Amino acid sequence: MQIQTNGISLFYQVSGCGEPMLLLHGNGEDHQIFTELAAKLAEHYTLYAIDSRNHGQSQKTGDYAYETMVEDIYSFIKELDLGPVNLVGFSDGAIIGLMLAMKEPALIKKMALLGVNLKPEDFTEESYQFVKETYEETKDPLFKLMLEQPNIELEEIRKVHTPTLLVRADDDIFKPETYINLLATLPNATLKIMNGHDHASYIINQDLLYPHLMDFFV
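Under our numbering, the residues of the sequence shown are numbered 2 to 219, in order.
Any given hint might turn out to be false.
Within a straight-line C-alpha distance of at most 25 Å, the following computed DSS-like cross-link-like pairs (lysine-lysine) qualify [stated by the list, open to error]:
1) 160 / 111
2) 176 / 120
3) 120 / 133
4) 160 / 104
Label pairs and their calculated CB-CB ranges [said to hold, decoys possible]:
5) 66 / 137: 20 to 26 Å
6) 106 / 149: 25 to 31 Å
7) 156 / 191: 16 to 22 Å
Hints listed in this document are in silico derivations from the structure and should not be mistaken for laboratory results.
Everything numeric in this text was worked out from a predicted model, so none of it was measured.
Idealized CB from N, CA, C, for every residue including glycine.
Hey, can you work out the whole structure from these sequences and the hints?
Next comes the structure, spelled out in structure tokens:
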């Protein structure tokens with residue numbers, strides 16, 4: 002389905018029945034990364050799996066700012082009169098979810114932030130070099146985004162009281178201290194570490210992630 006919101010056309014897929022839950026994918030992906038997980042979550046929630054601007058079947062624009070993508074999702078929730086929503090965000094989607102909770106905390110009931118970061122400096126040295134070299138070779142604006150954004154200060158998230166599940170892999174692209182700091186700063190957060198996985202591998206393993214999400218959201 003397509004919806005006109007915040008001046009652009011966003012694609013989204015609806016499934017399931019129950020309280021509304023948004024699924025927000027990561028950089029360079031689309032809603033389909035959640036296909037297997039959504040099949041299980043749809044037994045309990047009405048899912049809105051959204052393609053971010055410049056991704057999937059949503060409109061391509063020259064604006065890649067996280068602040069703009071937050072406005073997209075804010076407008077989406079308002080347009081469909083969904084709030085408050087549950088939210089599952091992976092990587093870029095987790096950043097968008099966190100920034101939305103900073104902007105409009107009343108719109109989010111609970112949120113699971115999978116593989117989130119606050120600044121480009123949160124990358125491990127190896128991961129940062131990979132992103133930097135890839136951008137230098139391709140000039141892909143999605144890689145430029147990772148080199149320049151987000152820029153969230155820890156003190157800014159101290160006011161976010163939304164119940165939050167933080168999830169990271171033990172072989173993540175972000176430094177472990179990123180999550181230690183998040184856990185210490187977010188007033189109502191818990192942390193789950195996915196052992197034996199990298200940044201994205203546990204997302205598509207619904208049998209691993211699903212029970213942790215259900216324990217948190219139910």
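So, going through the hints one by one against the coordinates:
{"no.": "1", "hint": "160 / 111", "verdict": "holds, 15 Å"}
{"no.": "2", "hint": "176 / 120", "verdict": "holds, 11 Å"}
{"no.": "3", "hint": "120 / 133", "verdict": "holds, 15 Å"}
{"no.": "4", "hint": "160 / 104", "verdict": "holds, 10 Å"}
{"no.": "5", "hint": "66 / 137: 20 to 26 Å", "verdict": "holds, 21 Å"}
{"no.": "6", "hint": "106 / 149: 25 to 31 Å", "verdict": "holds, 26 Å"}
{"no.": "7", "hint": "156 / 191: 16 to 22 Å", "verdict": "holds, 21 Å"}
Taken one by one, the earlier hints all hold for this structure without exception.
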